[in-house]
Amino acid sequence: EAGAKYAPDILNILKDEKIDKYIRSRAADALANLGEAGAKYAPDILNILKDEKVDSSIRRSAAEALGNLGEAGAKYAPDILNILKDEKVDLYIRHSAAYALGNIRKLELNEVIVVLNNLYQPNQQNINFETWRFLTYFLSGGTDEVKTLLTWLGNPQETPTQLKYEDGKKTLELFLSIWKDSNDFKRLQKDLADKIAEVTRLVTWKPQDITLLQSHSHNLKQAGYNQADTVESAINDLAVWQWIFNARNTIIIHAAFWFILIFLYPKFPQIQAIFFWNPWVRKIIGVGYVGLFLTWIPFLRRKLFEPFKPSLLADAKLDYFNDKTYFPESPVKIPISGETLPITQALPTIKGQLVLFGDSGLGKSMFIRHLVKNSPRIVVYLPARKCDDGVIEAIQTKLHGQAQDAEFLKNLIYSGAIDICIDGLNEVSADTRAKITNFVEHYFRGNIIMTSQPLEWIPPSTAKSYWLQPLEKQQIEEFLVYRAEELSKDTKIQNTDYKEACTKYLAEALNPQQAPEELAAAKRILSNPMDLTLISLMLSQGKQPNLFRLQEEQYKLMAAEYWEEWHKEFPLKKFSEAVYEMRIKDEEVIPVDGFYQVLMSLADDKYKMVVSRQWRDEGGEAKKEYLFRHDKIMDFFLVQNFLGKGDEVQQLQVKHINDSRFRGVYFLLATFLPLDDAKELREKLIQYAADTKDHTVSDTFVQLLRTR
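Each residue of the sequence shown is one higher than the one before, starting from 102 at the first, in our numbering.
Hints should not be assumed to be uniformly reliable.
Quick list of in silico lysine-lysine cross-link-like pairs, BS3-like style, CA-CA up to 27 Å [unchecked claim]:
| hint | residue 1 | residue 2 |
| --- | --- | --- |
| 1 | Lys-669 | Lys-733 |
| 2 | Lys-452 | Lys-425 |
| 3 | Lys-368 | Lys-410 |
| 4 | Lys-674 | Lys-686 |
| 5 | Lys-281 | Lys-176 |
Just so you know, the hints here were simulated from the structure itself, not pulled from any lab data.
All figures in this text were calculated on a predicted structure; none of them were measured in a lab.
I would like the entire structure built from these sequences, with the hints used as guidance.
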């Protein structure tokens, strides 16, 4: 403190060029040791350092003095760095400036290379280059980055001959970070270029390193260094891998995009229509492979049809199909071998192409429903009458118009993506059957099952034909017992009494003492599961069924109860006319207006002539529909329009001879018409068969009439 007041005088001594340089140097040291008193003269000391006319020993002392000023000298660090950069400045002055910087603060990486650059100056005389290496390390605080720099730059004793990938990558990243700052130091930059090439040669690079290598290549080319060729060679080696790497990432992102869409697909109709069923979007945005995966990967195929599953199975009416009451022992004849097996054993799943033939009521449709109910795969159930325009068109209708690409749908069917059930080929025209046949033969790899009553028709050449057989006596009894589970709880006869009633009835119906033709007719009716179902219902109510008038007897029981409940006669004529209009319009839902009481009686658990289906519309409002449980029941009401006298009835009997929808009606007419009228109709049917070669109705009509 005592000397602080002399600071101005000491500064004057430092500035006075007439005074000996040694004394002036000591004056600079003295100012630095005066603390705050000397700190305010830091600008003057800096000017001494910068003045090229001042002796080098004095400038060195000025540099050391600035370093000893601590924080007061910190703001002059950039000026000191400029001294270090200037190769015109005496090497010893720069050496002192470097030490001064070290006393002020730790140097940053871009500042460290300023110190390191001094190592490359030739003719350093008494200053060993190791001194500059030490200063580089010491003044930086010995960071890992500086250690790496000194491993490669500044004349190390030896450089690595082997390098791990991680170390090589870090080294090139470090070199890249100092490249711009090395532009002012050409000797250092030349060494840096050599080391970039050397590190590049020592490492096996990865595709993701191309950007790093390209940055070095660009810098080297711009600076005119031939070492760029070495880096370019490494880039070229990686070009193919980079393409593969980019392609992989693109495919992953693209696949992830479609994977997300497939999970959103069931909930959003827009996604269904725009991305998956639009051929152009799927092919172009899907780059081809999306359609391929959707066609052949089972999980994706299921997702594709999942939102349409209710629609695909709507006509199967599974809502009121109780699989627990399905009788699995119906016999079926196997093609080629001719062996007879239970149908569920012979046809456990829908596999390949097959046609299931069987008389009306033998359980063809019930078996189809059983298969559909238990299938883990996507199945579409098509009544044959809905295939008038073609099978593909019928399926498209069930997809609610989303399937704009028919070709894609065809590929899905061909690959087995969807199993197809076509029920009731005997109910459609020959043209429709021809369309179905062509479809089946064309898509021979698809899983398709068709059902039909016996008729004059050549099945598809690719399909196997199975024939449902009538039930044997033991199976008939088993069937009746099996039906006990579905009987209403309020039936008159149940449990053991019901079983005894079944046994007694069968013994009477199959009495061998009766005429052979009557016995054969009884066996034919009793071997029909549909007719057995009616017999089961009547036996449970204590009635004795008439085998040849089962539907009529069931109706009479229901009509009698209708009278008791509603105190009026059953409107048979009016209801039958409404049913006829339904059939003409190919409608399935029975109109409720004007027939509510009728439907309540028909749906009674004791009769189950109709079934109800409940659902909600788009507005969430509850809806209920009524449908006939079987075509045989519908035929009973239809036939009422064909009975009686008059020209109108006569014309109606002939009008629908060629209409497959009324096939069952003509079979009932063989029983219900007066015998003479039935014979007259028989002749008309025979004439029609002779002219058209279509014997689907006439042959069975003749057989039924013969029993009378």
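Against the structure, the hints:
Straight-line distance between C-alpha atoms of Lys-669 and Lys-733 comes to about 26 Å, which keeps the hinted pair within the 27 Å bound. For the suggested pair Lys-452 and Lys-425, the alpha carbons sit about 23 Å apart, so the restraint of at most 27 Å is met. Taking the CA atoms of Lys-368 and Lys-410, the gap is near 13 Å; set against the 27 Å cutoff, the hint holds. Simply put, Lys-674 and Lys-686 have alpha-carbon atoms about 19 Å apart, close enough for the 27 Å limit, and the pair holds.
Proximity of Lys-281 to Lys-176 is assessed by CA-CA distance (about 24 Å); at most 27 Å being required, the pair is judged to hold.
The structure is consistent with each of the numbered hints, conforming to all of them.
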